[in-house]
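For reference, the chains in residue letters:
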Amino acid sequence: MTENNISPFEIKDCSILSIATGRHAINVKELLTQLLSVDPDSIYYHFWGKLLRTSFSTPEFNNDFAQWVSDQIHDKSLAEKLSVLEPQDYQSVDELRQEMIDIIQISLEQNTVLLYTNAQEPFHFLKLGMVVFNTSKVINEPLEFVDIIDNLSYGSLYFHFIDARRRTQNHRDDFSNWIALFGNYDDLVDMIINIDPFFLPLSKLKEKISNIFKTYFK
Amino acid sequence: MLTELESIVGASEIDHLIKLSSFLKGKKIVHINSTKVGGGVAELLTNIIPLKHELGLDATWEIIVGQAEFYKCTKMFHNMIQGMKNQIIPDTLLKIYEQTNEENAQRLFNVLNEADFVFIHDPQPAALIKFFPNRKGKWVWRCHIDVSRPNRQVWKFLKQFIVQYDGSVFSLVDFARSLPHPQYIIAPSINPLSDKNKELSKEEIEKVYSEFNLDPARPILLQVSRFDRFKDPIGVINAYRLVKKSIPSVQLVLAGGSADDDPEGSIVLEETLTAANSDSDIHVLSLPPDANVTINALQRVADIVMQKSTKEGFGLTVTESLWKSKPVIGGNTGGIKLQVIDNYNGFLVNTPEGAALRIEQLLSDQDLFKRLKRKGKEFVKDNFLITRQVREYLTLLVMLQQPSVNVIWY
Chain A
1 MTENNISPFE IKDCSILSIA TGRHAINVKE LLTQLLSVDP DSIYYHFWGK LLRTSFSTPE
61 FNNDFAQWVS DQIHDKSLAE KLSVLEPQDY QSVDELRQEM IDIIQISLEQ NTVLLYTNAQ
121 EPFHFLKLGM VVFNTSKVIN EPLEFVDIID NLSYGSLYFH FIDARRRTQN HRDDFSNWIA
181 LFGNYDDLVD MIINIDPFFL PLSKLKEKIS NIFKTYFK
Chain B
1 MLTELESIVG ASEIDHLIKL SSFLKGKKIV HINSTKVGGG VAELLTNIIP LKHELGLDAT
61 WEIIVGQAEF YKCTKMFHNM IQGMKNQIIP DTLLKIYEQT NEENAQRLFN VLNEADFVFI
121 HDPQPAALIK FFPNRKGKWV WRCHIDVSRP NRQVWKFLKQ FIVQYDGSVF SLVDFARSLP
181 HPQYIIAPSI NPLSDKNKEL SKEEIEKVYS EFNLDPARPI LLQVSRFDRF KDPIGVINAY
241 RLVKKSIPSV QLVLAGGSAD DDPEGSIVLE ETLTAANSDS DIHVLSLPPD ANVTINALQR
301 VADIVMQKST KEGFGLTVTE SLWKSKPVIG GNTGGIKLQV IDNYNGFLVN TPEGAALRIE
361 QLLSDQDLFK RLKRKGKEFV KDNFLITRQV REYLTLLVML QQPSVNVIWY
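If you read the protein sequences in the order shown, they are chains A and B.
Residues 1 to 218 in the working numbering are what the first sequence spells out, letter by letter.
Residues 1 to 410 in the working numbering are what the second sequence spells out, letter by letter.
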């Protein structure tokens, strides 16, 4: 416990693995059909998995569905509509799923060419496997984040800043939730909450969080 | 090795590996393939096994052995799985395949039956599992080849064994099949410290000019691969000939070795030599399996590296070349598509004509050439080094202990 009777922040790390679900879609209609019943973990993977898996640079669109519609179906308009979806804006993956279904259904009604356009390469639904473990790093005061963040592994950053949003009741990151317990860091908490992680690779996200702590505690 | 790798990938990545390994202490891990030398799988295992040892893991590597007919059969598997048509494997060869696996199962019985984890690499040893009905551990089929459109006869035959595994691993999601167990996606990697990839002295690099009669003042195109039809060495020669018309100074090196489990290598080598037609600027080099430093040096003296495969599981030579900051012209297939990004670190091509066009473009436009060179190394560091692959293998082993759970907490 800290002086304020707040449990120390234990830094965890995680390792992820891509797992094939065996589901594929060759056109938008099939994508819609699969979306109706695919494991929520798969939808989560195709929105957030890009941050930790083997990939090239920064893709044009923010989730795998939008990227595939753009690359393979060549429908930029549907790709853009899917791309503006930010998972943290939804209370659950199923709510996000429903929004995607609505967008795709409307596009299919408005643009019947989509019914007949087949992709050269199918969309493969994947899901995430994850092993979470403790590191030996523990933080007792928010100030200590200043020295910790720069040396945090991408696995730790992903776990505490991204994956936390599906674990915590308020859908927020672990850092701001823990700092909020102290009750006297409202500005810092707001600054952390206001970071939109969806558009940043982990390297840039780390830099941004680090700058916030350094600026706040300078 | 861990200390040296830490200087490349950073301390947190190494700590991560050590932590994951701690969950597997005392477990026996066995890898099985069909050759100790030659080819990408043997190379991967050569790199991964010592690293696992340094991490304190009890990992061993065994090979299965067979007679010429066994390798003839498995080479047919290899060709037909990757799409070669109009072939049927006689039942006699399929029987030899199963018999050979049974003989190897008897020889390796104690090792495999008691192992906690068994990795079976590629189709050659896939049938071993049939002979271990009371196996103790989890068995994984690690497929390194492109099985996206397999020949039905071969796939049906192999599938009867593959369905018995606890999981499969494919290099690309495109290769995953409909199977009744989890299919994990793990891309291969290179070891930046191996003879094939380590930094070389100027003398070591320049030695290959005199050794193979190459002119350092003229552009060098290089393809490094086994002499295998799917690697399309003849297509590379055709591309070179098209380039030669407008850039007469160009030289081509086709460097390959042989693998113990590839009976067709010498035939394809002969075909390649015939296509080269004694052109003094085409250097067809049949190198011994341990010529890693030579290949390293050839990749470093090359201006452009090619991997014009028509089918490719992954294409580690692409990774190796990008690591040496070389632009790569690769066939638009398999794992090459994961590594070569058009106009970023190279070009993807579909034909010899396409390859010729891109070679001419790169040799003519120095700004483009320099830009593509810069991107390759960083890309490999972020995605395709051995530490990433070992991390994913360790994660897989941990997950296999609770296969129905997506998130495991320690």
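Just so you know, these hints were derived from the structure itself, not from any lab.
Ideal Cβ placement from N, Cα and C applies to all residues, glycine included.
Treat each hint with caution, since some may be false.
Covered by chain A, according to a simulated footprint, are these stretches of chain B (three or more residues, beta-carbon under 8 Å) [stated by the list, open to error]:
| # | segment |
| --- | --- |
| 1 | 57-66 |
| 2 | 129-140 |
| 3 | 161-175 |
No more than 20 Å apart at the CA atoms, straight line, and that leaves these computed lysine to aspartate or glutamate pairs for EDC-like [as the list claims (entries may be wrong)]:
| # | chain 1 | residue 1 | chain 2 | residue 2 |
| --- | --- | --- | --- | --- |
| 4 | B | 244 | B | 303 |
| 5 | B | 25 | B | 116 |
| 6 | A | 50 | B | 116 |
| 7 | B | 373 | B | 360 |
| 8 | B | 244 | B | 281 |
| 9 | A | 208 | A | 174 |
| 10 | B | 36 | B | 62 |
| 11 | B | 156 | B | 98 |
| 12 | A | 204 | B | 13 |
| 13 | A | 137 | B | 360 |
| 14 | A | 204 | B | 378 |
| 15 | B | 337 | A | 71 |
| 16 | A | 206 | A | 10 |
| 17 | A | 206 | B | 91 |
| 18 | A | 50 | B | 382 |
| 19 | B | 72 | B | 91 |
| 20 | A | 12 | B | 15 |
| 21 | B | 19 | A | 10 |
| 22 | A | 50 | B | 378 |
| 23 | A | 12 | B | 13 |
| 24 | B | 337 | B | 378 |
| 25 | A | 206 | B | 378 |
| 26 | A | 50 | A | 10 |
| 27 | A | 206 | B | 382 |
| 28 | B | 337 | A | 121 |
| 29 | A | 50 | B | 174 |
| 30 | B | 381 | B | 353 |
| 31 | A | 204 | B | 367 |
| 32 | B | 136 | B | 116 |
| 33 | B | 337 | A | 10 |
| 34 | B | 27 | B | 69 |
| 35 | A | 206 | B | 13 |
| 36 | A | 137 | B | 15 |
| 37 | B | 375 | A | 121 |
| 38 | B | 72 | B | 58 |
Satisfaction of hint between residue 13 of chain B and residue 206 of chain A, Cα-Cα up to 20 Å: holds, 16 Å
Restraint status (C-alpha distance of residue 208 of chain A to residue 174 of chain A at most 20 Å): holds, 16 Å
Pair hint outcome, residue 206 of chain A versus residue 10 of chain A [Cα-Cα no greater than 20 Å]: Holds, at roughly 18 Å.
Residue 137 of chain A paired with residue 15 of chain B [C-alpha distance capped at 20 Å]: holds, 12 Å
Proposed proximity, residue 10 of chain A with residue 50 of chain A (alpha carbon, max 20 Å): violated, 25 Å
Given pair status - residue 303 of chain B, residue 244 of chain B, alpha carbons within 20 Å: holds, 15 Å
Restraint status (C-alpha distance of residue 12 of chain A to residue 15 of chain B at most 20 Å): Holds: residue 12 of chain A and residue 15 of chain B sit about 12 Å apart, inside 20 Å.
Restraint status (C-alpha distance of residue 36 of chain B to residue 62 of chain B at most 20 Å): Since the Cα atoms of residue 36 of chain B and residue 62 of chain B sit roughly 9 Å apart, the hinted pair holds (cutoff 20 Å).
Given pair status - residue 116 of chain B, residue 25 of chain B, alpha carbons within 20 Å: This hinted pair holds, its Cα atoms lying about 11 Å apart.
Hint consistency between residue 12 of chain A and residue 13 of chain B [alpha-carbon to alpha-carbon, up to 20 Å]: holds, 14 Å
Agreement of residue 72 of chain B and residue 58 of chain B with the hint, judged by alpha carbon distance not exceeding 20 Å: violated, 33 Å
Satisfaction of hint between residue 353 of chain B and residue 381 of chain B, Cα-Cα up to 20 Å: violated, 31 Å
Checked against the numbered hints above, the structure violates hints 1, 2, 6, 13, 17, 26, 30, 31, 33, 34, 37 and 38; every other hint is satisfied.
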